[in-house]
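If you read the sequences in order, they're chains A, B and C. Start counting the first sequence at 102; every next residue gets the next number (my numbering). Start counting the second sequence at 102; every next residue gets the next number (my numbering). Start counting the third sequence at 102; every next residue gets the next number (my numbering).
None of these hints come from the bench; they were simulated from the model. Hints are not guaranteed to be accurate.
Identical copies look the same in the list; a pair holds intra-copy or inter-copy alike.
To be verified - Below are the DSSO-like pairs computed for lysine-lysine, each with C-alpha atoms no more than 30 Å apart in a straight line:
#1 Lys267 / Lys189
#2 Lys192 / Lys168
#3 Lys150 / Lys396
#4 Lys266 / Lys396
#5 Lys382 / Lys364
#6 Lys167 / Lys277
#7 Lys413 / Lys397
#8 Lys168 / Lys277
The structure presented is a predicted model; accordingly, all values stated were derived computationally and were not measured.
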Amino acid sequence: MKFEAPVAVTEIASIIGAELVGNTQLMATGINEIHKVTPGDISFVDFEKYYAASLNSAATIIIINKKVDCPDGKALLVLDDPFSAYVKLVKHFRPFEPATKAISDTAVIGEGTVIQPNVFIGNHVRIGRNCLIHPNVTIYDHSVIGDNVIIQAGTVIGADAFYFKKRADREVMYDKLESCGRVIIEDDVEIGAGCTIDKGVSGDTIIGRGTKFDNMIHIGHGTVVGKNCLFAAQVGIGGKALIEDNVILWGQVGVSKDLVIGKNAVVLAQSGVPSSLEGGKVYFGYPAEEARSKKKELAWIKRIPEIWEKIKHLS
Amino acid sequence: MKFEAPVAVTEIASIIGAELVGNTQLMATGINEIHKVTPGDISFVDFEKYYAASLNSAATIIIINKKVDCPDGKALLVLDDPFSAYVKLVKHFRPFEPATKAISDTAVIGEGTVIQPNVFIGNHVRIGRNCLIHPNVTIYDHSVIGDNVIIQAGTVIGADAFYFKKRADREVMYDKLESCGRVIIEDDVEIGAGCTIDKGVSGDTIIGRGTKFDNMIHIGHGTVVGKNCLFAAQVGIGGKALIEDNVILWGQVGVSKDLVIGKNAVVLAQSGVPSSLEGGKVYFGYPAEEARSKKKELAWIKRIPEIWEKIKHLS
Amino acid sequence: MKFEAPVAVTEIASIIGAELVGNTQLMATGINEIHKVTPGDISFVDFEKYYAASLNSAATIIIINKKVDCPDGKALLVLDDPFSAYVKLVKHFRPFEPATKAISDTAVIGEGTVIQPNVFIGNHVRIGRNCLIHPNVTIYDHSVIGDNVIIQAGTVIGADAFYFKKRADREVMYDKLESCGRVIIEDDVEIGAGCTIDKGVSGDTIIGRGTKFDNMIHIGHGTVVGKNCLFAAQVGIGGKALIEDNVILWGQVGVSKDLVIGKNAVVLAQSGVPSSLEGGKVYFGYPAEEARSKKKELAWIKRIPEIWEKIKHLS
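Please take these sequences and the hints and turn them into a complete structure.
Structure, rendered in structure tokens:
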């Protein structure tokens with residue numbers, strides 16, 4: 102998430118009550134998780150094993166729970182609980198604004214777009230031209246929807262990321278990472294009924310141009326789906342996955358988070374994808390493997406009784 | 102889909118800009134996909150390998166992309182892109198009518214039926230007597246619902262079919278086949294919360310009398326479910342399947358399109374059904390096989406280490 | 102379900118038209134299924150093989166389809182169809198009250214709670230303080246929600262139990278067991294978008310304090326989920342399961358009804374749980390087994406061709 106205007110690092114330090122170390126003249130331009138940071142961003146780190154990655158990342162300002170050497174030209178914001186400080190910044194710069202009506206006055210809706218009854222359109226939403234938004238759809242604040250997009254009934258665009266920090270020492274064990282990312286749906290996309298597409302934690306969840314979703318598709322926070330993909334009903338994809346162009350996922354496929362499915366890959370129905378898949382191939386099963394070899398495996402299983410017959414007399 | 106009144110084939114030719122070959126006196130009575138056509142229907146074909154099937158089908162008027170011999174008593178409408186012409190006809194004869202209110206004045210709702218708040222009921226919907234439609238349900242235009250039907254909250258009846266034509270040479274690769282079919286829900290059916298039942302492309306999706314659905318069931322376009330079926334939560338069924346009477350599908354079962362599950366079949370939880378199943382048996386696994394033999398297979402898999410022990414010393 | 106005030110057993114007998122046997126002075130304090138009964142409750146039994154369990158249960162008043170010996174201090178209500186009589190009592194004491202507005206005047210909503218547009222809140226619902234209920238959520242009558250609860254858009258709380266009695270001799274084969282239980286969501290719970298949590302048949306479905314659900318989670322009637330659990334997207338759990346504290350279920354896991362998953366258990370993505378699992382372990386596959394041994398099994402399957410090579414020359 103980028104700020105509307107740069108904010109002095111001294112102001113950031115004061116908002117979260119941190120000790121400021123390093124370059125005190127810096128201006129922060131946004132807030133981001135470590136894997137999304139660009140220069141000017143504030144990020145946070147609270148595990149020593151990630152310190153190096155965080156300090157060497159593009160982030161200019163790092164919220165950290167130990168006073169370490171500050172890299173040249175950067176600033177550290179030192180305090181006990183970087184996670185909570187980060188959440189505080191998200192809430193400060195992107196506060197939740199309760200709706201005052203079902204379609205916000207701050208939403209911008211393009212010419213020729215039809216909004217059916219019982220739709221919710223949040224604050225600062227942008228919807229392009231010639232779209233059709235069916236009944237009972239929910240579009241959370243800050244979502245961006247292109248031209249010629251169709252969204253079937255009951256779908257939810259931009260719900261919060263499912264992202265929690267475990268606090269083993271507390272009675273209520275999970276702290277929520279507030280999301281400040283968005284959902285971006287490009288032109289010519291169709292989303293089926295009863296889908297849920299979560300916003301990114303700090304970056305954007307993107308559905309690429311011309312992609313078509315059947316019903317009850319779940320897309321996790323920050324996942325990027327390429328152009329001209331086809332997902333059949335009840336597919337679920339975890340957070341921060343990258344699904345490249347022209348990928349086809351058949352019904353009830355499950356895809357884990359933080360992985361890549363390459364261009365033109367096809368994953369057959371009910372398969373599970375726990376790790377990245379090369380493009381251009383057809384996959385099947387759990388864990389998903391090339392369909393041809395997986396089908397051979399199923400045939401081999403059926404031959405176990407025959408193998409047993411051959412060897413049962415061996416001692 | 103049947104027209105309200107027959108339409109001259111010459112008018113059809115003029116709407117889509119086709120060359121008319123054969124019997125120019127014909128009256129068209131409806132539009133249908135090839136597997137649903139009845140005499141009087143217009144259908145389309147755009148692959149040479151399907152020409153014979155299409156020309157010999159019950160369709161009276163065929164939109165086709167090559168000037169071939171016209172069967173006696175039929176008419177051909179010849180043009181370059183039959184798919185787009187067919188879509189044009191669907192849009193012409195069943196245009197999308199944006200809603201002007203949440204419950205359309207053209208909907209007919211029977212005596213004793215309760216409609217809870219935040220429900221959407223589209224144009225030309227018919228709902229029978231003594232039904233209970235819970236909040237946030239969406240019922241698209243032209244859906245037909247019988248008597249004593251209960252629909253739990255958030256369910257979507259009659260969303261568009263997930264049916265696209267690939268155009269490999271275009272930047273936006275998928276063209277939508279506009280649906281003109283309906284959803285028909287017979288008497289005494291109960292549909293759980295968060296279900297999605299798509300309309301047929303040209304025919305009807307039907308849920309048979311007395312059938313009961315748990316939550317989050319997905320039913321694809323044109324699928325016909327028989328009487329007194331029970332589907333547990335998160336079952337998904339593709340398009341144009343036929344599920345006969347008294348079939349029981351347990352939770353998270355996935356069923357592919359264009360197949361038949363016979364009367365009284367039972368499919369155990371999480372199974373996947375890629376092809377037709379005979380009635381009267383219990384199935385399990387992916388691909389679903391008779392549960393008894395599939396369970397034996399699982400037991401055999403557990404014996405592989407024992408087999409290995411027996412043979413590991415062989416050279 | 103407990104009555105607001107005790108009801109004389111003679112009045113119960115008269116409502117359902119039963120012959121009253123045993124102690125005619127009893128006061129009934131509630132209605133319950135056999136596995137939930139406490140003293141004072143009315144329960145029912147209609148299969149001879151369950152007579153003993155029912156008569157010896159804590160239930161004080163038993164609706165039964167045969168005149169058997171009445172245990173001391175209890176009462177029997179004898180008639181032909183105990184199931185229908187039970188349903189009649191549920192409808193009598195907890196009648197469905199059609200909504201007159203989207204947020205019932207009988208609902209109690211705590212200070213600081215934000216209700217977004219297009220939400221339905223039924224009769225007698227109680228919602229605590231500082232909750233955030235996103236758009237298009239449905240909360241059925243009698244649901245109870247604690248403090249600091251977040252419910253994402255499109256979720257359905259308290260839909261009817263999926264519970265039917267088969268009547269093989271009727272054209273409409275399934276009779277619905279009307280639910281009179283509730284959903285109780287404790288403090289600090291977050292429910293994702295598009296979830297469905299059914300009410301209990303007679304007892305309560307409970308989501309324990311601090312538990313977090315991702316999107317499209319289905320929870321069956323009467324299931325109890327412990328504290329600080331984490332369920333990833335598209336998990337489905339049948340009725341009357343007990344999921345203890347700190348259980349983690351990954352995406353698309355399916356859990357059967359009437360079982361226990363012990364404290365701190367983890368079930369990996371797409372696994373199926375047909376029966377109870379001990380706490381403190383990691384599970385995988387269908388049927389879910391300890392992940393370590395299941396992964397070894399997958400490795401063994403890949404060695405079948407090698408085994409075949411070793412033995413194919415044996416006669």
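Verification of the hints:
no.	hint	in the structure
1	Lys267 / Lys189	within (17 Å within a copy, 47 Å between copies)
2	Lys192 / Lys168	within (25 Å within a copy, 66 Å between copies)
3	Lys150 / Lys396	between (42 Å within a copy, 29 Å between copies)
4	Lys266 / Lys396	between (40 Å within a copy, 28 Å between copies)
5	Lys382 / Lys364	within (9 Å within a copy, 37 Å between copies)
6	Lys167 / Lys277	within (22 Å within a copy, 56 Å between copies)
7	Lys413 / Lys397	both (24 Å within a copy, 17 Å between copies)
8	Lys168 / Lys277	within (25 Å within a copy, 58 Å between copies)
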